[in-house]
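Student: Here is how the chains run, residue by residue.
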Amino acid sequence: MEEEEEGGGEEQQQFSYRQRLKAAVHYTVGCLCEEVASDRGMPFSKPAIAAVSELTFRQCETFAKDLEMFARHAKRSTINTEDVKLLARRSNSLLKYITEKTEELAQFNTEQKAKKKQKLEEDNTRAVVPAEAAAARKDGP
Amino acid sequence: MAEAMAESYNRDSEPTTRTLLRRVLDTADTLTPRRRRSARVRRLSSPTKMNVRRRSHRARSIGRLAHVHTSGNLEEQTPRTLLKNILLTAPESSVMMPESVVKPVPTPQVVQSSRRESSRGSLELQLPELEPPTTLALGLLAPGRRKQRQRLSVFQQGMDQGLPLSQEPRGNGSASSLTSSLNLTFATPLQPQSAQRPGLARRPPTRRAVDVGAFLQDLRDTSLALASPGDSLRTPVATLPTDTVLEDTQPFSQPLIGRSPSVYHSLPCLSHTEAEDAKRAVSHRTQSSGPRLQNHNPGKPTQLLAGKAKKVDALAVSFPNNSSAVSGEDGVEPLQDGVGEEAEERMEESLSVSKVVATTGTQGSVRMEKSKGHREMTEAAEAKEPEGSSGASLELASSTTEFLQARRPQFLEPAPPPSAAVLSSEPLEPLSTRLPPRARTPGPRPRQDPHKTGLSHYVKLFSFYAKMPMEKAALEMVEKCLDKYFQHLCDDLEVFAAHAGRKTVRPEDLELLMRRQGLVNDQVSLHVLVERHLPLEYRQLLIPCAFSGNSVFPAQ
Chain V
1 MEEEEEGGGE
11 EQQQFSYRQR
21 LKAAVHYTVG
31 CLCEEVASDR
41 GMPFSKPAIA
51 AVSELTFRQC
61 ETFAKDLEMF
71 ARHAKRSTIN
81 TEDVKLLARR
91 SNSLLKYITE
101 KTEELAQFNT
111 EQKAKKKQKL
121 EEDNTRAVVP
131 AEAAAARKDG
141 P
Chain Z
1 MAEAMAESYN
11 RDSEPTTRTL
21 LRRVLDTADT
31 LTPRRRRSAR
41 VRRLSSPTKM
51 NVRRRSHRAR
61 SIGRLAHVHT
71 SGNLEEQTPR
81 TLLKNILLTA
91 PESSVMMPES
101 VVKPVPTPQV
111 VQSSRRESSR
121 GSLELQLPEL
131 EPPTTLALGL
141 LAPGRRKQRQ
151 RLSVFQQGMD
161 QGLPLSQEPR
171 GNGSASSLTS
181 SLNLTFATPL
191 QPQSAQRPGL
201 ARRPPTRRAV
211 DVGAFLQDLR
221 DTSLALASPG
231 DSLRTPVATL
241 PTDTVLEDTQ
251 PFSQPLIGRS
261 PSVYHSLPCL
271 SHTEAEDAKR
281 AVSHRTQSSG
291 PRLQNHNPGK
301 PTQLLAGKAK
311 KVDALAVSFP
321 NNSSAVSGED
331 GVEPLQDGVG
341 EEAEERMEES
351 LSVSKVVATT
361 GTQGSVRMEK
371 SKGHREMTEA
381 AEAKEPEGSS
391 GASLELASST
401 TEFLQARRPQ
411 FLEPAPPPSA
421 AVLSSEPLEP
431 LSTRLPPRAR
441 TPGPRPRQDP
451 HKTGLSHYVK
461 LFSFYAKMPM
471 EKAALEMVEK
481 CLDKYFQHLC
491 DDLEVFAAHA
501 GRKTVRPEDL
511 ELLMRRQGLV
521 NDQVSLHVLV
531 ERHLPLEYRQ
541 LLIPCAFSGN
551 SVFPAQ
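Residue numbers (the UniProt record's numbering), protein chains in the order written: chain V, 1 to 141; chain Z, 1 to 556.
Please keep in mind that the hints were generated in silico from the structure rather than gathered at the bench.
There's no promise every hint is true.
Claimed, not checked - Computed footprint of chain Z on chain V, listed as stretches where at least three residues anywhere in the stretch have a Cβ under 8 Å from a Cβ of chain Z:
(1) 67-79
(2) 82-92
To be verified - Subject to a maximum C-alpha distance of 20 Å in a straight line, what follows is the list of computed EDC-like cross-link-like pairs (lysine to aspartate or glutamate):
(3) V:Lys117 <-> V:Glu100
(4) V:Lys75 <-> Z:Glu479
(5) V:Lys113 <-> V:Asp123
(6) V:Lys22 <-> V:Glu54
(7) V:Lys85 <-> Z:Asp491
(8) V:Lys85 <-> V:Glu103
(9) V:Lys116 <-> V:Glu100
(10) V:Lys65 <-> Z:Asp26
(11) V:Lys46 <-> V:Glu34
(12) V:Lys65 <-> V:Glu54
(13) V:Lys85 <-> V:Glu68
(14) V:Lys85 <-> V:Glu104
(15) Z:Lys480 <-> Z:Asp492
(16) Z:Lys503 <-> Z:Asp492
(17) V:Lys85 <-> Z:Glu494
(18) V:Lys115 <-> V:Glu104
(19) V:Lys75 <-> Z:Glu511
(20) Z:Lys503 <-> V:Asp39
(21) V:Lys75 <-> Z:Asp492
(22) V:Lys65 <-> Z:Glu511
(23) V:Lys65 <-> Z:Asp492
(24) V:Lys115 <-> V:Glu103
(25) V:Lys116 <-> V:Glu104
(26) V:Lys113 <-> V:Glu103
(27) Z:Lys467 <-> Z:Glu511
(28) Z:Lys503 <-> Z:Asp491
(29) V:Lys85 <-> V:Glu100
(30) V:Lys96 <-> Z:Asp492
(31) V:Lys75 <-> Z:Asp26
(32) Z:Lys467 <-> Z:Glu479
(33) V:Lys65 <-> V:Glu82
(34) V:Lys101 <-> V:Glu82
(35) V:Lys96 <-> Z:Asp221
(36) V:Lys85 <-> Z:Asp492
(37) V:Lys65 <-> Z:Glu508
Note that beta-carbon positions come from the ideal geometry of N, C-alpha and C, so glycine has one too.
Throw the hints in and build the complete structure from the sequences for me.
Tutor: Now the structure itself:
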């Protein structure tokens, strides 16, 4: 009985969680549609926005499953950008966009890494110089 | 003296066994110890014997058995007496000399009776007497056989001439069978062969072509040599009883009908029963075309024979059919030659008697179709084909295809529309698929693209499962879709393999693909689908199974 309640509670929790997620998606889709409507000059009806948000939610589920499959196929436990690229290969424009973004990200990461290295080196040198100075002073007098 | 001279004269002119034996008996000196006794006995019995013999010759048919008994009542049974009994009871009538027997019989009796006293069974001469009688007895048997054979031939000729059955054969089984069989069917070239060898009558006739042809030739020669009424009797009769021959006499025709080769004679059987006049009209046509066909098919025999041993039976059955159809022609047609010829002749017949065949309905058309397909196969199998026959055959092909298509639309329904994928091999009906590719005239190839030729098979499957007639444009669209689909499929597989860092596509990639397609999900795994749809051989390759010796195949 408790388990069932717990199970039922869990389910309810899960369901409520889903609903919240759906609401969030719906809100985001609504914002985007308003933006497109203002750009194109054609308003969106409420049911249309609702349909789009529902579709988005389901597609997100599919994407997630596929990404998990791809990662498992590549014998990894973490989803990678490669998996995402594989997912997006169908539409050329999307694929192109994603690849560009990834490249940018990669560049950025490398740049950041380089900066970090420089900082570290500078810190090291600074630390070394006072140490040497301290050592030299001790040796002097 | 005069009688003796007459007797000697008779003996010299008519060397029958009887006369020979009499001569031996008369000339031989009997030297037996029982001479006197036997002489007395013989003297006593001789007059009775003489009387008996006279009576016997006058009324031989009735008292034959009586003679044997009376003579057998002699106290002493010497070889001489036995031989004399044999002479008494032997058939006296012969084809050669029916009248002459009577004469020498009474005259020597007197002489014998006079001489018997002098010539009685002597020991010395008993042996030589025994030997010649035995040899003469053997000689008696031989001419008997010869007589029977002569009688058979004469009898057959008599039968052909329409003479009534004579009382000739006494215990002649072959002749009786011949008569009975000939009563059934008037003049059949097949029956005499079986009559000559009654033991082989019921076996499937393994005939050699030359024998039958030569026999028919001889038969026709003899028939032509006969009087005109007999000849006129034969020709219309010859066409008639072939169907009776086919129906009644061949015990193995029924099981052969089920097989496609025997179709040849089943079709003409039907056509004959329905239209004899049309057949006669056709026979004139075949006569004209026959020699042409004959000349054009020298190379066929061995090829055809190699593949079709069963056809010999069907052809043996239909051979009289064929021969009667081309009665005016040179009848010597080798069986080997007859296969293609017959098929073509059947085609001609079918064309001419199309109305007749229409009544047969689907059956006939099926047979024609099959035979036509067979004929086309044989045509294809031939290495070279002269123009005349090929032209004729092509004409036949085109005409018969039209005919067939008109007859059997439902038969071609599952097959694809005419223009699509001519050379594809459909697993539906092997014969029907053989027909459309051959029937279509060899025009330009529809698809030069090697990539798309493989898809035609799937297009056909598509049209089959659609169960509806499809437009050509629709089928082309289907082909394009299939092309795109398979390309996409293969691209995905390649990408998946690369994603996993491999260069070879493995079953895991396919499982991923099917998962993406939605065929495989959490409820239904790949193994489940394999079990459902694939045959056992493939299942064994895919699903790991434990075998004996702690081995698992395929290895994981």
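Student: Each of the hints needs a verdict: does it hold here or not?
Tutor: Against the structure, the hints come out as follows:
1. 67-79: holds (count 5)
2. 82-92: Per the Cβ count (4), the hint holds.
3. V:Lys117 <-> V:Glu100: Outside the cut-off at roughly 26 Å; violated.
4. V:Lys75 <-> Z:Glu479: Violated, at about 37 Å.
5. V:Lys113 <-> V:Asp123: holds (15 Å)
6. V:Lys22 <-> V:Glu54: holds (8 Å)
7. V:Lys85 <-> Z:Asp491: holds (15 Å)
8. V:Lys85 <-> V:Glu103: holds (12 Å)
9. V:Lys116 <-> V:Glu100: Violated, at about 24 Å.
10. V:Lys65 <-> Z:Asp26: violated (128 Å)
11. V:Lys46 <-> V:Glu34: Answer holds: V:Lys46 to V:Glu34 is near 11 Å, not above 20 Å.
12. V:Lys65 <-> V:Glu54: Distance of about 17 Å is within 20 Å: holds.
13. V:Lys85 <-> V:Glu68: Within the cut-off at roughly 13 Å; holds.
14. V:Lys85 <-> V:Glu104: At roughly 14 Å apart (the allowed maximum being 20 Å), V:Glu104 and V:Lys85 satisfy the hint.
15. Z:Lys480 <-> Z:Asp492: Holds - the C-alpha atoms of Z:Asp492 and Z:Lys480 are around 18 Å apart, at most 20 Å.
16. Z:Lys503 <-> Z:Asp492: At roughly 13 Å apart (the allowed maximum being 20 Å), Z:Asp492 and Z:Lys503 satisfy the hint.
17. V:Lys85 <-> Z:Glu494: Answer holds: V:Lys85 to Z:Glu494 is near 15 Å, not above 20 Å.
18. V:Lys115 <-> V:Glu104: holds (16 Å)
19. V:Lys75 <-> Z:Glu511: holds (15 Å)
20. Z:Lys503 <-> V:Asp39: Violated. Z:Lys503 to V:Asp39 sits at ~47 Å, over the 20 Å cutoff.
21. V:Lys75 <-> Z:Asp492: holds (18 Å)
22. V:Lys65 <-> Z:Glu511: With Cα atoms ~14 Å apart, V:Lys65 and Z:Glu511 stay inside 20 Å; holds.
23. V:Lys65 <-> Z:Asp492: The given pair, whose Cα atoms are some 17 Å apart, holds under the 20 Å limit.
24. V:Lys115 <-> V:Glu103: Answer holds: V:Lys115 to V:Glu103 is near 18 Å, not above 20 Å.
25. V:Lys116 <-> V:Glu104: At roughly 18 Å apart (the allowed maximum being 20 Å), V:Glu104 and V:Lys116 satisfy the hint.
26. V:Lys113 <-> V:Glu103: holds (15 Å)
27. Z:Lys467 <-> Z:Glu511: violated (32 Å)
28. Z:Lys503 <-> Z:Asp491: OK: Z:Lys503 and Z:Asp491 at ~13 Å, within 20 Å.
29. V:Lys85 <-> V:Glu100: holds (11 Å)
30. V:Lys96 <-> Z:Asp492: holds (18 Å)
31. V:Lys75 <-> Z:Asp26: Violated, at about 126 Å.
32. Z:Lys467 <-> Z:Glu479: Since the Cα atoms of Z:Lys467 and Z:Glu479 sit roughly 17 Å apart, the hinted pair holds (cutoff 20 Å).
33. V:Lys65 <-> V:Glu82: holds (15 Å)
34. V:Lys101 <-> V:Glu82: holds (12 Å)
35. V:Lys96 <-> Z:Asp221: violated (96 Å)
36. V:Lys85 <-> Z:Asp492: holds (13 Å)
37. V:Lys65 <-> Z:Glu508: Holds. V:Lys65 to Z:Glu508 sits at ~16 Å (cutoff 20 Å).
Checked against the numbered hints listed earlier, the structure breaks hints 3, 4, 9, 10, 20, 27, 31 and 35; every other hint is satisfied.
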